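Construct the complete structure from the given sequences, taking the supplied hints into account.
Position 631 (the sequence shown) corresponds to 631 in the UniProt record's numbering; numbering is contiguous.
Worth flagging that the hints you see were computed from the coordinates, not collected in a lab. What you were told as hints is all true, and nothing was included just to trick you.
Lysine to any residue pairs mimicking SDA-like chemistry, simulated, CA-CA at most 25 Å apart:
1. Lys865 with Pro938
2. Lys865 with Ile105
3. Lys865 with Gln852
4. Lys865 with Gly935
5. Lys865 with Glu213
Pairwise CB distance ranges (calculated):
6. Gly599 with Thr767: 51 to 57 Å
7. Pro448 with Ser72: 18 to 24 Å
8. His157 with Val205: 23 to 29 Å
9. Thr122 with Phe475: 46 to 52 Å
10. Asp1030 with Arg879: 40 to 46 Å
11. Thr122 with Val205: 30 to 36 Å
12. Ser547 with Glu739: 39 to 45 Å
13. Ser761 with Ala202: 51 to 57 Å
Just so you know, these numbers come straight off a predicted model, no measurement behind them. The C-beta atom is built at its ideal place from N, Cα and C for all residues, glycine as well.
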Amino acid sequence: MTSTLGRDVSVSEPGSGNTLSTAALPRKGRVAPRTVLLVASFGALLAFLDATIVNVAFPSIRESFPEATIGSISWVLNAYNIVLAAFMIVCGRLSDLLGRRRVYISGILLFTLASAWCAAATSIDVLVIARIFQALGAAMLIPASLALVVEAFPGEHRAHAIGLWGAAAAVAAGLGPPIGGALVASGGWRWAFLINIPLGIAALVLSRRVLVESRAPGRRRMPDLLGAVLLAGAMGLGTTALIKAHEWGAGDPLLWAVVGGCLALFGGFVLSSRRHPSPLLDVDLLRSRPFLISNVVTLIAGAGFFAYLLTNILWLQYVWNYDVFRAGLALVPGALTAAVVAGVLGPVASRRGYRGVIVLGSLVWVAAFVWYVRGVGTDPAFLREWLPGQILSGIGVGATLPLLGSLALEAVPGGRSATASAIISSTRQVGGVLGISILVIILGTPTPQTVVDLLRDGWTLSIVCFVLCAIGALFLGADRAPAEAPTPATLLTGSGREPAGLARGSREASGPATGGPLASVQATGSSLFSQLPAETRDRITGRATPSTIPAGALIVRQGDVADSLFVLVSGRAEVVIGDQSVRELGPGAVIGELALLTGSTRSASVRARRDCEVLEIDRSDLEESVWNDPAAMSALVATLAHQLAEARPPQMEVMHPGVVAVVAATAGAPVHEVAEALRDRLSTHLRVAVLRAATDGALDRVERAHDRVLLVSSGEDPGWTDACRRQADVVVLVARAGEVPTLQPSDRHQPDVVVVGRPASEAELATWSSFDPWQVTVVAERELGGGVARLAARLAGRSLGLVLSGGGARALSHVGVLLELEESGIHIDRLAGASFGAIIAAAYASGQTAEQVEALTYGEMVRGKPFSDYTVPRVALVRGRRTDDVMERTFGDLQIERLPRQFRCVSVDLLTRSLVVFRNGSLREAVRASSRLPGLFPPIATSSQLLVDGGVLDNTPVSVLRERREGPLVVVNVTMGAKPSPPRVPGTATTTPPPSAKPTRAIRVPMLGETLLRTMMIGGSADAAQQYPDAHVISPSPMGVGLLEFHQLDRMIESGRAAARDLLDRVGDDLGASSRQ
1 MTSTLGRDVS VSEPGSGNTL STAALPRKGR VAPRTVLLVA SFGALLAFLD
51 ATIVNVAFPS IRESFPEATI GSISWVLNAY NIVLAAFMIV CGRLSDLLGR
101 RRVYISGILL FTLASAWCAA ATSIDVLVIA RIFQALGAAM LIPASLALVV
151 EAFPGEHRAH AIGLWGAAAA VAAGLGPPIG GALVASGGWR WAFLINIPLG
201 IAALVLSRRV LVESRAPGRR RMPDLLGAVL LAGAMGLGTT ALIKAHEWGA
251 GDPLLWAVVG GCLALFGGFV LSSRRHPSPL LDVDLLRSRP FLISNVVTLI
301 AGAGFFAYLL TNILWLQYVW NYDVFRAGLA LVPGALTAAV VAGVLGPVAS
351 RRGYRGVIVL GSLVWVAAFV WYVRGVGTDP AFLREWLPGQ ILSGIGVGAT
401 LPLLGSLALE AVPGGRSATA SAIISSTRQV GGVLGISILV IILGTPTPQT
451 VVDLLRDGWT LSIVCFVLCA IGALFLGADR APAEAPTPAT LLTGSGREPA
501 GLARGSREAS GPATGGPLAS VQATGSSLFS QLPAETRDRI TGRATPSTIP
551 AGALIVRQGD VADSLFVLVS GRAEVVIGDQ SVRELGPGAV IGELALLTGS
601 TRSASVRARR DCEVLEIDRS DLEESVWNDP AAMSALVATL AHQLAEARPP
651 QMEVMHPGVV AVVAATAGAP VHEVAEALRD RLSTHLRVAV LRAATDGALD
701 RVERAHDRVL LVSSGEDPGW TDACRRQADV VVLVARAGEV PTLQPSDRHQ
751 PDVVVVGRPA SEAELATWSS FDPWQVTVVA ERELGGGVAR LAARLAGRSL
801 GLVLSGGGAR ALSHVGVLLE LEESGIHIDR LAGASFGAII AAAYASGQTA
851 EQVEALTYGE MVRGKPFSDY TVPRVALVRG RRTDDVMERT FGDLQIERLP
901 RQFRCVSVDL LTRSLVVFRN GSLREAVRAS SRLPGLFPPI ATSSQLLVDG
951 GVLDNTPVSV LRERREGPLV VVNVTMGAKP SPPRVPGTAT TTPPPSAKPT
1001 RAIRVPMLGE TLLRTMMIGG SADAAQQYPD AHVISPSPMG VGLLEFHQLD
1051 RMIESGRAAA RDLLDRVGDD LGASSRQ
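Structure (structure tokens):
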């Protein structure tokens, strides 16, 4: 609704605004999880393929070394399984520690080289040694492969992905026999190892091109290498005792020496595990019932599985007299059936529960080998006798081993996936060692007369194992899939503070009430004269000297002797200490009273921001009016005591921009159209008046009655134009594109510039940059309403600002905050940041969506590895060239003042030890300077400055968005050491919990990167919630992420999302209402 005050003044009453929403967008720019699954499974296929190929090659190896016994040749299998079982957990821990991609690629390389060595072996001893190194490579790549898959898939699809990975392993096992048979038949057993060389090279190329590095968060320790060696030794001696017991006899001292050595080494392993901070057997994992029982059942199933694999090969070649190729083909149906069943039953078990499926699978497995024992005769009958057993055993495998692995991995946090997968795989290999060892004891030295019965005994061994599996699976727990463990982000969310005065529909206080010159003083209950008797105020008023202080002039000067005080009747002033403006003053403020009363010099200057009407009260007049009046003196002392009790350190206090000048800056500028567009936007929430000509006393009168006053000048009256610029709190210069400015820059204001018309050229925009603008907005003339929406929101004090702190890779949580706010329809118009927070803020301020910022950080920070150009640490650890290239690609020639969203960032000048604020100029150079962590990067040297990371002095640069009171602020604090705080009621004090009576653990020593970051940012790590009580402060959980662990992007995004959701849940619609335009 619009009314008119005279010819030149129009007033609008607040209405209601519209709510905008932004739909959530899917992620882009990531490597598809299925691609990761394919590439990671391809590497693991090498290890699984090799295991079954070597089983098929067993008879061929025996023919090449006829002097060797079956027990000796079994070490080709057992040495591999022992080392694989002993070191897979260590390598799983190493992949969590050093990086899963790095360990995976290293494992492929070692496995490929060792395969070449195996192929060149000239004796059983050399072959066994080469197999040990091949097993080390497999121990590296298998857990890292599965961990890469776990990391790539979100929680709701993770179990299915694990099942597919297991199915791929089953396919590899199925392809092994026919491939191995063909290779052995055509070129001998050496080709079973040579096949790994081209496959290994292909896996290396694909891995380097596709996979992205990932590590586990949290504290990192080297795993128990000594424990792994002791475990390998114990398993080796134990296997030797099992194999040689029949040959040596119970009375042979050597047998008991071997058994004693096995027990001693195993005891050493247990002792090492108890003492080492990162043992092979993690007690915390073993406390999980599903994880523990899954491993026990896997141990038994592994024994039966490896035993029957070798038994089947021996039966086909020695009983049915199949050649090696036909023997390999005969094992394909079981492996393929297992792959299909695992792929089908994995999702079913994940939804319906694992226990029932695994029990049934074990029983089907039992039925398969009952069939083999009773239904398979000595005459070859593949379709009638062998194929049914293969299908049944395939069903048993697919319904058991992969699901046990999925269940075990679902029972542990995703950050320890490599370790957990290594444990389950090691358990399976230990079972394999046990099963093959027992099988070798059963077989002994078979003869044509005994081989059939002995091999049937081998199948009976598998039956016993699978019956035990079914019994053990009954103890897995409730027949439901375990819920995914909550991430720390869902348990630990940040705290927020709700600023006062943000409720929807709230208004600012009107200007002072009319009345005597000190009426406004009386209204401000904490001012010096608020409690004085009315007659005393009248005496002071009668003796005071009124005067006008022009804009920009000093009312009082710092260091001067105080002989009077001033009362601000109208206008705006600012308190200045040194060169820093620390507070704004409005009508009713008393200036210089403490210095006058104490007889000291003035501690600060006060400068008029607009033309100010003041009353000057002389010392003698004050003494005569107050000193001689006991009641007035008592009231004055009480007021002074209250002020001293409420005293606080100087900090920036800014008032709302009550008067806005909208001034034509070129001859044809559509100033009235822009003013109307601004009024329409502002009147949605505020009472707005428009003045288009000078009227005596109109400004004070209108300002008292309205929230905002627009002073509009077309430039035709230079005197009115000058008055508008002088009286305004904020100046908006309006220009038409292509026209030359008709005004000169002013050093009193940083104006907002609105350029209307066609897209301006770089040269033209550079002209407006010379005005030192607060922000430059380019808008089409037909879109004025929407084009000035962000400017109107800032003028209304409803523009939402976001402050993003530094914190290395932990600052990736800012992306999650942006995604959550954007998906909730929250508009962010202003951003500020320090260090890596400045990079995120700059990307979003440049007009990118939150999804595009996520894709940018993934592409540049995760895949691009910009911090890896290390150098000799003379001035820094890295050169910084790669990060400079990132800045160039991302920000190019963008200028801060011309961004779609307002942007500020900070740096530190080492020469002056002062904070440097970037409000305009090159966005690329500003962000470079803000994110130059000293020690990690070399400082940036200019002609007069040496710039380093802004987080050194101010890691949460809230002050740069509070220079004008443009709206509420959300501060995201991810400083090293910042901990998530529980929600608390706004305005209440932060309490510290009492110290616990229980002894606490010793404070951990952080890693080098974290120590560096904490040290560098110690000056900017103040508690943001206490420092800025009028802002929403959230502290996303750090999730244990280190300085440069940018591969933890998804983890930190979820942490940021959780903190933002917590904020939105607690403030309700207030935050959204304040940001809607």
